[in-house]
Structures are given as C-alpha cells and as structure tokens.
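Peer 1: Sequence:
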Amino acid sequence: MALSWSSPAFLVRERLLTLLPTEVGYAIWLQAPAGFGKSVLAGQLAARLGWRTLWASSLLGEPKALVARALDLPLEVPWGPIVEALAQEPTLLVLEDLQGHEALSPLLRTLPALVLLASREPLPYPELPKLRAEGRLVQLGAVELAFTPEEARLLFAGRPGWAEAHQMTGGWPLPLYLSAFTQEPPDPQALLRGLRDSLSPLAFREGLLLSAIPYLPEALATEATFELFHKGLARRTPQGYQLHELLKRMAQQTLRKEVQTVVEGEQHRLPPTLRAEALWQAGLHQALLALLEEPHELDLIDKLPAWRGLLEQGGPRARLRLGEALLQSGDRSGFALLEPLCEHPDPPLALTALGHLAFYSADLSLGKDLKRALGYLERGLALVPQVSPELAGRFLNDAARVYYELGRLEEAEQLLVRALELLPPASRFRVAPQDNLSLLRFELKGDLVQRIRSLEAGLEHLKGGLAYNLPGHLRDLGRLYLLVGQRERALDYLGRAAEAPGDPLASLEAQMLRAFLRGEGEALEQLVARAEQWESAYLVERGRALLALLHKDLRWVEGHQGFLVSLVRAELTRDPVHLPPYPQNREERLHWHAVRYRITREAAELEALLNLTLQPERILPGLLRLEELPRDRPELARGYPLGEVLASGWLEAIRLRQAEIPTLKIRVLGRFTVHGPLGEVGLEGRRREVLALLLLGYTRSEIAFQLWPDLDEEAARNNLSVWLNRLRKALEPWGLPTYLQGEGLVRVESDLAQLEAALEAKDAPRVLELYHEPLMPGVYLNALEERRHELRTRVRHLFLQQKDPAYPKRLLELDPLDEAALGRLLELLEARGEREQALALKKTWSKRLREELG
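Residues 11 to 864 in our numbering are what the sequence shown spells out, letter by letter.
Please note: incorrect hints may appear among the correct ones.
Unchecked claim - Here are the simulated lysine-lysine pairs, DSBU-like style, with alpha carbons at most 35 angstroms apart:
1. K813 with K853
2. K857 with K819
3. K852 with K813
4. K813 with K857
5. K853 with K772
6. K819 with K852
7. K819 with K140
8. K853 with K819
9. K675 with K819
10. K772 with K852
11. K267 with K313
12. K772 with K813
13. K140 with K675
14. K772 with K675
15. K455 with K381
16. K258 with K313
17. K140 with K813
18. K739 with K772
19. K378 with K313
20. K675 with K813
As the list claims (entries may be wrong) - Pairwise CB distance ranges, derived in the manner of DEER restraints:
21. D502 with R245: 22 to 30 angstroms
22. Q424 with Q262: 46 to 54 angstroms
23. E304 with A346: 21 to 29 angstroms
24. R245 with P116: 34 to 42 angstroms
25. P281 with E670: 49 to 57 angstroms
26. G745 with G569: 49 to 57 angstroms
27. L27 with P116: 26 to 34 angstroms
28. R798 with V732: 24 to 32 angstroms
Worth flagging that the hints you see were computed from the coordinates, not collected in a lab.
We put the beta carbon where it would ideally sit given N, CA and C, even for glycine.
Let the sequences and hints guide you as you build the complete structure.
Peer 2: Here is the structure:
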C-alpha cells in the first residue's frame, strides 16, 4: 500500500535537502548519534535525484568490497576500476556507519559520484578538510538534523501534542517520530535503555552527573564528557557542556537513586556553586545544608529563594545567604532572617549580616529607613577590628551607601578609601568600592572620565558571586557613553547588558534604552509591559517616558510621575514649569539643565550645565544638538563629531578644528575616486581634469595652457580660477581652504604618490600591489597620455628584472602580446622545471598572435 507524503514516516526534510549538493564531485557528511535520521535523509536525497544509488554499511564489511560487489566487480579489485565504474553514470554513493579507519582516500580524492558519508563519530579522513576548504563538502550534525518546531508540527499532521513533544525531545528525530506514531509522549524507559546500551559505562555515569547541573565547565570535561558530546547527547556552550534537556528530565524522573549515587561520588570534582546545585537537584538536602555552612563564596543569589523551605531549617550561614538573596530580589522578609544574626557570637558572621542590613535598609524599593541603616552601620564599625581585612573592606563598602543616601558624601568617601586600603590587591571584591568611589567622586567633583575608566576597569573582575552585578555595570557604561555622545559604543554596552546573566531588572532597563535609541517603538512597548509584570514602578516610569519621547506623545505618561516623566513633559510642551524639582544626583542635574536650556536658551542654564563636570566639552554631544549651541561659543563644538561640525557650515567652529581634518584620499590607478571627511566626492568633466593635473604636479599656468591652449594667458587663467573655485566647493564644502592652497594640493594621500615612492625604492611587491591601468580613467589629456606611457615603461622595466613569474604574468595581463614579458616568463618557468606549462603558454601566445595580428 502506498503511503501519502503527509505520513510522518515520509516527512520530506525540505530544509535539509536544499542544503545538499546535487552534482557529482561533491561530498556530504552526516555526523550524529543513532536516531537522527541520517539514513532517512539519504533516502530522500536519492528519491529527489533519481540517479543510480548504491548503499554500503561498514558494519557489513569494508566499503570498497561492498561497492565493488554492487557494481558487479571482483571483490579484490583496487579503487581505480571502481572509480571508473562509478563515473560511468551519475551516482549517489551512500556509505553508512563509518568508523574512520576505512581506506577511502582514492574515492574522496576523485569523487566520481556524489558521496554521502554517515557516521556517529568524527571522521579523520585527511581529504575532508581539503574538500571543505574547496567548498565541495557539506557537513550536517545533530544540531542541523534535529527537527524544528515547524517540522514537528508537520510530522504530527496537525494533531495536538506536537509542541510538547518537540520541547521534550529537543527535536531529536527518533523519539519525536515514535511520539508522532503512538500519539504518546516519548517513553523514558525505552530511551534510557537504548542509551545505556550505546554508551560506555563511564559516559552513562557522566550523563547522570550532567543531569544534576546546569553545565560542566570545559576545564572539568573528561573523555566520558567528550563521548556524550560527539554522540549529540550534550552540547557545548560558552559556559561549558550541557546535557540534552530531555535526557536531564528522564534521568531525574526515572534514575533518581543512580543520580544521587553519582553526585555523592563526583561532587568534590565540582566547584562549590555547581556542587550546591547538584546536591539540590539530586535531593541530597542535608549534604547541601552542610555545604552552605562552609565559608565558600557561592554564586546562587537567583537560586536561593527557591530553596527557601530548606534553608530556613539550616544553620546560621544558610539563613544568612538566604536573607541576602531575598533582599536582593526585593523581598523584605529577608530582614527578619538577618536581624537575629547581628547578635551571633561569631564576629565575621555578625558583621556580614550587619553589612547586608545597612545596605538594604538604605534601599528605596525596600522602604528606605536611613535611621535604622545608620544604627546597623555604627554597630558594624565596632566589629571591624575583629575580622579579616577582606571582610572588613566588604562591610565598609556596603556601609558607605548609608552615608551616601544621607548626603554625607565626604564620610562615604572616607569609608570607601578605607575599604580599598583593607582589601588585598588581588581581591575580586575591590571592584565594588572602586566603582562606588568613582561614582562618589563624580558626584563630588564631576569627573566623568575617571567614572567611565573605573567602570571599564572593573568589568574583568565581575565573576563568581559578583556576576549578578554585570548587567547593571554594563548598563551604566552604556548610559555614560551616551552622555558623552558616543552612540555606537553606548549601543554596544547596552546590548551586552541586555544579554548578560545576572540582575534581570538592570538587563531590562538596558534593553529599554537600546530599543529607544534604535527607534523600535513596538519592542519598547513590550519591554514596558514586562516591567509592569515585574511590578517595578521605576522601570515602568522610565519606559513610558522613553515611549513619550520617541512618539512625541504625552499620552504615554498620563497619570505617571517621576523625574524622567517630568523631564519629558517639559521637553515636549516646551514649558519649564513642568520640570521636576532640582535633583541631587549630578547625572540627573546634567539632564535637568540641558532640557531647561533647550527650552529657554538662557546663557545661565548653559553655564550651569558646563560647570557640573570637569569635562564640559565631552558631555555636550550627548545632551544638546550642535545647532542648539550659541553661535558666539564655537569652542563648545570641540566635542562633537568632526563630520557633523564640517557639515554645519559654522566657520568659527570649523576653524578651531581645522587641524583635525583628515587628508584627502585620491585613488587614480585603475579608478578615479576622491574621499574626503564627509564621504566620497563626485567629480566629473573639467573639475576632474583640473584635479588630475594638480595631482600630476603641474603649476596653475601649465594647467591653464593644457586646458585652454587656444586662449591668451589671461583668459586661460581666468577660466582656471572659475574651475578651481568650483573644485574647491566640491572638496571643501565647509568653506575654509584645506586642500587647495597656493600653487597646488596639500594634505593629500594618493595611490599615485605611493606608486612613485615604490618605484623609486625599487619595491617590486608594493608596485605589483599598487599598479593598475589606466591611470586616471575618464580623463583624456595629452599630458596624461605621456605620464601613462612613462609609468608603464618604469613598471615594465622593474618587473622584467624580477625572478618571480608573478611579475611577467602581470605584464601579460596588461598587454597579452608583450613579447619581452613572455620571454622572461618562459625563462623563469623553464628554470623552475615547469617546461610543460611553458610550452602550453607559448602555444597559447602564438595562437593569439596569429588571431589578432595575422
């Protein structure tokens, strides 16, 4: 009985078939574990081609003998006759179950057929890298062979359950096919039995360990890990190796006891954070509580709230870790866990609890009780002499936030300086006080550059438990680079913040800013909706303000208040009455004065803005448009992009930046292009001729005579003046003499001058690189023809002296009938023993000579 193409067994893998070559002389390599549809895909390719198709499996014998039998040749025949027989008609040759030891070199070197190789393991055949480099090998692995969601939907022929099955299997074809046939979820027991039979005992044990952890760092991988990876059961990510999600779930549900045994035996191979996660996933909760009581630094802030029921039964250090995690996630119940620990007899533990309480009591989102926070700070200061310098430094960094929020900035600065004195030079915890100190000094003095440098220097230290802060750190860098007008760099940092693991709210804010800068209104609306789901009033307010600014529509902020909302309301209504109260934060003050200046254009507002930072010219591009600057203050344009200043026509500002204007780049060898600081300059006709003669070194009198030989000298020079003026407007549209001065060109970089220098130095490789014909295409002047002939003569003389055949070959490209170049090339080829090539070249040249010249 014929089956229709809608049957799951015959789902055509159109996505994959379009990737495969359909010509003889190519190879296909499918590498994936059993059950990934390698044979099915080969069969579909055979059906589509309609060619003679030969199949052989290494499990049944040596491929050469099997192919010989299929071709009715003797089994002992060498590869030569097999290759000839394969080439007699278009053939698809499928070689399955390859192990890598098969002798296939003669076949792969000649490829007389379309050859499909299928294996579970990597193949070491030396011909494969060469074929890949030549573009004659297509390789597909488990990732490509896995079913996409759309293919899973087609496989189920529209029946429900396809999405769940695809998610469970991760697109693994075999269990997905079984699920489509039986209309039941994949059977864990059957799959696990199959895996146990197809894996070595060590690899199966490794799989059980990987089922209990999110990833295994690459440095901890073993041969067993690599076996899982090569068989498509684990994937390699930037973090490390991850087990297939379906296998994780099946192992956890079906082999719980075995997983526990493996985790107990292998846990000390793992770093503390991964060990904690393995113990939790395996259900070894008492061992986990014991680990949490050890003084390890654990990067588990986002995991601990989910373990709350267990940790509340643990010891003081487990409760300390949980309390900090709850407060960091915005849960005030963390205060109740930390309060009793302040009286703990162990000074390090008590001081750590006091540091957390002081820090989070000063947090607005957690109620901001500064009186209470100050009490925790003072109690902690009494314990500082009783703990290690590193722990003392970490407490002082946290406690400095209290003084900062109280407005006692000098005292906050003193605590941070003391923290850096106590923290060891190699401590990764130095990044926080360094960052905080740079922020504080920006607030005190307005030093924006050192603030940016400090944030960039701290990036490499944000690892381990500090990785949670990475999105906020990157977001701040993006915001600050935007403030100094470096938009592309700002977008780069915001993009990195959006993708970095850690604080999800900081990442969300970075995504909002990036969507706003790109003008992506729909994306920004979706991000604001996510902020509402997080119940983050701060982010909702900022997101709506950005939407209002993007759409120039205040309806987005109706019913909302906040600093940024008020700022946008004032901006869009052009009414300073809507400005928010004057902020204390220096960065917010910069924006406040910028908006007020844009509305009022009062000089006092601009001065107040400039006085807020030690680098006033640096911050202006991020706050004000160039045209908003007062015309009597050209020095303020120093921080704006040079191209923007040149295009503005603001002569006074341009004159101050004239030394920064880059050279004019002129290319005249084989093309005629002119590039200035504002892009390509289009020159045609007389303007191109004038520039060409200037570039050749002619004086104005000589140029006038070349272009207008029939006119008297005065008339010719008058004509030249007109065209020089037109040329100047094209090259220097900003209005200041830059490239055309005196008798000729200045500040010009040309490939012609580079070629002249290379010829003078007899630098043949550089001349070979530079020389193209014609010189100055599109320009037709007698003087230019002389220069073209002179250049060709010099280049030809240099090339004929070289001992590399590349040089006479280039001369023959320029003039295929150049007999001297041919003679030199033949001489060099014969000296190298390449006589056949020399004879063939001579015959070709003789034939061309007869055809073209008779």
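Peer 1: Which numbered hints are broken by the structure, listed smallest first?
Peer 2: Of the numbered hints given earlier, those the structure breaks are 13, 18, listed in rising order.
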